[in-house]
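Fit chain B to the given chain A structure using the hints.
2 protein chains.
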Amino acid sequence: MEKPLLGSSFIEDEDEETESSRCMCCFSFLGQKLIEFWKDTLHFAVKAWEMGRSDPRKVIFAIKMGLALSIVSLLIFWKNSFHDIDIAQYSIWAILTVIVMFEFSIGGTFIKGFNRGLGTLVAGILAFCFAELSLLAGNLEEVVIVISVFIVGFFASYLKLYPTMKPYEYGFRVFVLTYCILMVAGNRTREYREAVATRLVLIAVGATVCLVVNICIYPIWSGEDLHNLVVKNFKEVATSLEGCVNEYLKSIEYERIPSKILAYQASDDPMYKGYRTVVESKIQEETLLGFAIWEPPHGRYRMFNYPWKNYVKVSGALRHCAFMVMALHGCLLSEIQAPVEKRRVFRTELRRVGAEGAKVLRELGKKIEKMENLGPGDVLKDVHVAAEILQKKIDQRSYLLVNSESWEIGRRPREQVDLENVSDSRDSHDMNLGFKSLSETVLDLRSVSAAWTPSATLSASSEGMFRNQPSWPFDGGVSKEENCTTYESASALSLATFASLLIEFVARLQNVVDSFEELAEKAKFREPILNTPPTKKKSRIWCFMFTM
Amino acid sequence: MEKPLLGSSFIEDEDEETESSRCMCCFSFLGQKLIEFWKDTLHFAVKAWEMGRSDPRKVIFAIKMGLALSIVSLLIFWKNSFHDIDIAQYSIWAILTVIVMFEFSIGGTFIKGFNRGLGTLVAGILAFCFAELSLLAGNLEEVVIVISVFIVGFFASYLKLYPTMKPYEYGFRVFVLTYCILMVAGNRTREYREAVATRLVLIAVGATVCLVVNICIYPIWSGEDLHNLVVKNFKEVATSLEGCVNEYLKSIEYERIPSKILAYQASDDPMYKGYRTVVESKIQEETLLGFAIWEPPHGRYRMFNYPWKNYVKVSGALRHCAFMVMALHGCLLSEIQAPVEKRRVFRTELRRVGAEGAKVLRELGKKIEKMENLGPGDVLKDVHVAAEILQKKIDQRSYLLVNSESWEIGRRPREQVDLENVSDSRDSHDMNLGFKSLSETVLDLRSVSAAWTPSATLSASSEGMFRNQPSWPFDGGVSKEENCTTYESASALSLATFASLLIEFVARLQNVVDSFEELAEKAKFREPILNTPPTKKKSRIWCFMFTM
Numbered sequence: 002m003e004k005p006l007l008g009s010s011f012i013e014d015e016d017e018e019t020e021s022s023r024c025m026c027c028f029s030f031l032g033q034k035l036i037e038f039w040k041d042t043l044h045f046a047v048k049a050w051e052m053g054r055s056d057p058r059k060v061i062f063a064i065k066m067g068l069a070l071s072i073v074s075l076l077i078f079w080k081n082s083f084h085d086i087d088i089a090q091y092s093i094w095a096i097l098t099v100i101v102m103f104e105f106s107i108g109g110t111f112i113k114g115f116n117r118g119l120g121t122l123v124a125g126i127l128a129f130c131f132a133e134l135s136l137l138a139g140n141l142e143e144v145v146i147v148i149s150v151f152i153v154g155f156f157a158s159y160l161k162l163y164p165t166m167k168p169y170e171y172g173f174r175v176f177v178l179t180y181c182i183l184m185v186a187g188n189r190t191r192e193y194r195e196a197v198a199t200r201l202v203l204i205a206v207g208a209t210v211c212l213v214v215n216i217c218i219y220p221i222w223s224g225e226d227l228h229n230l231v232v233k234n235f236k237e238v239a240t241s242l243e244g245c246v247n248e249y250l251k252s253i254e255y256e257r258i259p260s261k262i263l264a265y266q267a268s269d270d271p272m273y274k275g276y277r278t279v280v281e282s283k284i285q286e287e288t289l290l291g292f293a294i295w296e297p298p299h300g301r302y303r304m305f306n307y308p309w310k311n312y313v314k315v316s317g318a319l320r321h322c323a324f325m326v327m328a329l330h331g332c333l334l335s336e337i338q339a340p341v342e343k344r345r346v347f348r349t350e351l352r353r354v355g356a357e358g359a360k361v362l363r364e365l366g367k368k369i370e371k372m373e374n375l376g377p378g379d380v381l382k383d384v385h386v387a388a389e390i391l392q393k394k395i396d397q398r399s400y401l402l403v404n405s406e407s408w409e410i411g412r413r414p415r416e417q418v419d420l421e422n423v424s425d426s427r428d429s430h431d432m433n434l435g436f437k438s439l440s441e442t443v444l445d446l447r448s449v450s451a452a453w454t455p456s457a458t459l460s461a462s463s464e465g466m467f468r469n470q471p472s473w474p475f476d477g478g479v480s481k482e483e484n485c486t487t488y489e490s491a492s493a494l495s496l497a498t499f500a501s502l503l504i505e506f507v508a509r510l511q512n513v514v515d516s517f518e519e520l521a522e523k524a525k526f527r528e529p530i531l532n533t534p535p536t537k538k539k540s541r542i543w544c545f546m547f548t549m
Numbered sequence: 002m003e004k005p006l007l008g009s010s011f012i013e014d015e016d017e018e019t020e021s022s023r024c025m026c027c028f029s030f031l032g033q034k035l036i037e038f039w040k041d042t043l044h045f046a047v048k049a050w051e052m053g054r055s056d057p058r059k060v061i062f063a064i065k066m067g068l069a070l071s072i073v074s075l076l077i078f079w080k081n082s083f084h085d086i087d088i089a090q091y092s093i094w095a096i097l098t099v100i101v102m103f104e105f106s107i108g109g110t111f112i113k114g115f116n117r118g119l120g121t122l123v124a125g126i127l128a129f130c131f132a133e134l135s136l137l138a139g140n141l142e143e144v145v146i147v148i149s150v151f152i153v154g155f156f157a158s159y160l161k162l163y164p165t166m167k168p169y170e171y172g173f174r175v176f177v178l179t180y181c182i183l184m185v186a187g188n189r190t191r192e193y194r195e196a197v198a199t200r201l202v203l204i205a206v207g208a209t210v211c212l213v214v215n216i217c218i219y220p221i222w223s224g225e226d227l228h229n230l231v232v233k234n235f236k237e238v239a240t241s242l243e244g245c246v247n248e249y250l251k252s253i254e255y256e257r258i259p260s261k262i263l264a265y266q267a268s269d270d271p272m273y274k275g276y277r278t279v280v281e282s283k284i285q286e287e288t289l290l291g292f293a294i295w296e297p298p299h300g301r302y303r304m305f306n307y308p309w310k311n312y313v314k315v316s317g318a319l320r321h322c323a324f325m326v327m328a329l330h331g332c333l334l335s336e337i338q339a340p341v342e343k344r345r346v347f348r349t350e351l352r353r354v355g356a357e358g359a360k361v362l363r364e365l366g367k368k369i370e371k372m373e374n375l376g377p378g379d380v381l382k383d384v385h386v387a388a389e390i391l392q393k394k395i396d397q398r399s400y401l402l403v404n405s406e407s408w409e410i411g412r413r414p415r416e417q418v419d420l421e422n423v424s425d426s427r428d429s430h431d432m433n434l435g436f437k438s439l440s441e442t443v444l445d446l447r448s449v450s451a452a453w454t455p456s457a458t459l460s461a462s463s464e465g466m467f468r469n470q471p472s473w474p475f476d477g478g479v480s481k482e483e484n485c486t487t488y489e490s491a492s493a494l495s496l497a498t499f500a501s502l503l504i505e506f507v508a509r510l511q512n513v514v515d516s517f518e519e520l521a522e523k524a525k526f527r528e529p530i531l532n533t534p535p536t537k538k539k540s541r542i543w544c545f546m547f548t549m
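Chains A and B, in that order, are what the protein sequence lines are. So that you can map any letter, position 76 of the first sequence is 77 in our numbering, and since no number is skipped, the others follow by simple counting. So that you can map any letter, position 169 of the second sequence is 170 in our numbering, and since no number is skipped, the others follow by simple counting.
Simulated from the structure, these hints should not be mistaken for lab results.
Result set (BS3-like, lysine-lysine): computed pairs, CA atoms no more than 30 Å apart in a straight line:
#1 236(A) x 525(A)
#2 261(B) x 382(A)
#3 59(B) x 283(B)
#4 161(A) x 161(B)
#5 167(B) x 283(A)
#6 274(A) x 360(A)
Over the 10 Å line for every Cβ pair with chain B, so calculated as not near, a few chain A residues:
#7 39
#8 40
#9 119
#10 212
#11 233
#12 291
#13 308
#14 349
#15 352
#16 363
#17 522
We put the CB at the ideal spot given by N, CA and C, even for glycine.
Chain A on its own, in the form it takes in the complex (with noise of 0.2 Å):
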């Protein structure tokens, strides 16, 4: 029996270890945890007060609030000491009209007083009605009332599902909310002329105090988020097609490709990042613009109907571009990726439609940020001239993108190139590359084979990454020297399909320049002022310093 006793003191022994040590272990962990609760709220103290910093206006909205809020109870207060009806019992309408209406911007706030207003208004007709006809009910009042309730609330809540009333969502709910409190709270006190007038006569006053507080005081103008925003586009995704050809050029292939990028969600990669703003930012351009056509005329849109529609419009046509340079940058993502000396060749043409292209948009962006016409020559020239070249180029050395091997009909003789290799030697590199990539010289295909392999052979799977699979060629049962010759074209090809893209995105820019044209007609640009007449040097100069 010893040996159970031993046993059990030790265990005893142990517990009372245990009980101790898991007291410490558990004053340790709420100590660590109210240091993590600590660093976390000081992290978060430190960023918000980084948010004000870097966006005044949203501490200015907050101050806004904070006053518009104690206005309204002072007034209540105030009225609450010379009369004699309980306003308190109501103030909750001035103070929820305040809460509710006051948005960030003066369209907000306007589109919110207006759903209030209107609902507010109707809801108090349709009470008063059904509560004349209530009272005609007798006994069965309180039915009558719950049964109207449940009509009201029965088609307010369907129609606002309607798509076109989506806008007007918020006055359903005020409307139903109103409807009800007029009908069950006013049953009690049988005085619904007084709540109506009461309500309505705070509502007006809450919402009185909005306005002024939030037009006097600093005003935030959706319209100028608006323009900045569109004027941002278009930097966005003019330093996403410059990153783009740039990374193409320099022939940085993506070892893993970000898992974020393969799922579309957001990530840091600057290219990639440039382009998927712009596309994601058209929910807001939307949200804006709803706000914006309810702004009255201030600042530099003076102007009634301002066409801010055109603004949304102009960004559509350069989100239109973004997806070709989210095209190219697909090029730079895909596993099939052509031979850094094939893309040398053609360098100096895509860089130089690259920039032409970028800055295009920059000047665009530029003249919408300043409200400027476009000045006397043709903003398009220079790039078109640098894609003509580059479609040239392309045409001249097209025997780079293809592989003669293959071809049914025959391949090209070997003495004939080595002939006019030594006839030409004006481009002897890229002669050399093309003779090479006809040839069957070992070397050839093992400099292609080597391109290959790295991501072929990356296999390691890490966190957030994605695995770079050699899921082309597709394994059919071919030889490995095969897959080879079929990948070395397939690579060749991906260099024009580059190429192609970025003369159908240049393509593209004319749509742009058509609806920037149609916007400074509309919204009244003022002509560029140029101090010397406009000779073809002195722009492209005066071009080019607007790039630096």
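Leaving out everything else, chain B in the frame of chain A:
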């Protein structure tokens, strides 16, 4: 002086006439407006009725909303008849809770309820502390209250602008509202505790009614909606892909591109609509995800921590593919179009890749719909084989994609082509094409310029359509013939681009399958039911049946 008199009498007559005609005009104008209004109302009613028929859940939601409001009204009436306290004064809280909390889906209701509860609780505690403090202030009580309202309003408004606080925006609003009401209205009655308790009870009543009605009567789950949305997205991309490939092969050009497509707005074009829906659905997916993670296990999703995020991830991977379909559609929209005959050469292969790609997407969609794992075979095998065949064909016929006339390293000797053309008669039509593109026959140039002319001469502009301007080749002072050659070469390369993008699409499918497998594993999809042992042939037929 007669003339003026005559003149004036004449004018008077005219005035009378115009007055009566004005009245008539006025009436007819009013009548017209009334008829128009009546027609619009009828149209709206019909549309609203159709909305209910197509999605009966909307009708059910509206009925539930009406029911919840009726129940709350009944409860308030019933309570009022028993108690002495004037509950009606506070009844607004129960009604407000129902109106605000009652969302379309269960998840949405939970989130709103959580926000409302937390906001009220925190505000109640804070108001209690400040109220005691303000009582100590004596005469300055109201000053303290107004200052506290400012501080609370400021901090709540500032913090709700913090990016990660967005889901709790409503909670902040409730917090400020509750705090202000308690301080301002409570100040009069000095019954903070009673006010807080009554409010909490009424909010609890409202919330309970909401939850019971919303969960017990035909619950609408966001998770189910998310699931269906992802399945629908697969079908949309598949349709869009097939549409793009088929239209491309049919060589149906957009004579006039709808300006809506150029500005990336909603359009009826089926190919465009398919991928646009998928790209646009991102926001909707994220909203549904935000609701779905709040929902308890239900229906087919009997698991805590159900991997809803993986549904969004699969959809993200699909979107990454959809961007390639977008780029393919870009080839259709492009001004630079490959000639019909050249497309015809690759017709079978292109169509097969398109069909197989769509088949894979549809199969994955069906699998997600049925919540089934993939079968034993490789779902991507067929599409990979098809892509490889396409690549090989391109490899063999890449002479069709380039223009050797401009080659700096010299033209292909014509004699040899002729020779081989004779010796290899298997594919004489293609050979002929290859030969044509390499020769300088007048016929060839004419056919190309004919292919180019229609788009260049389309210059009549109609509303909503952009002119298909010949903005490329850009007129750089070169001869028309030279332009034609450049165009010919660019147009051939456009076919290479299309094929290249299609192959890239196939490569991206791997990523979709990977995401699907991750989802299937986490969500514990069941194994597919196979009655017969899977042989290669049968599984193919089975796959084929799926696409029917």
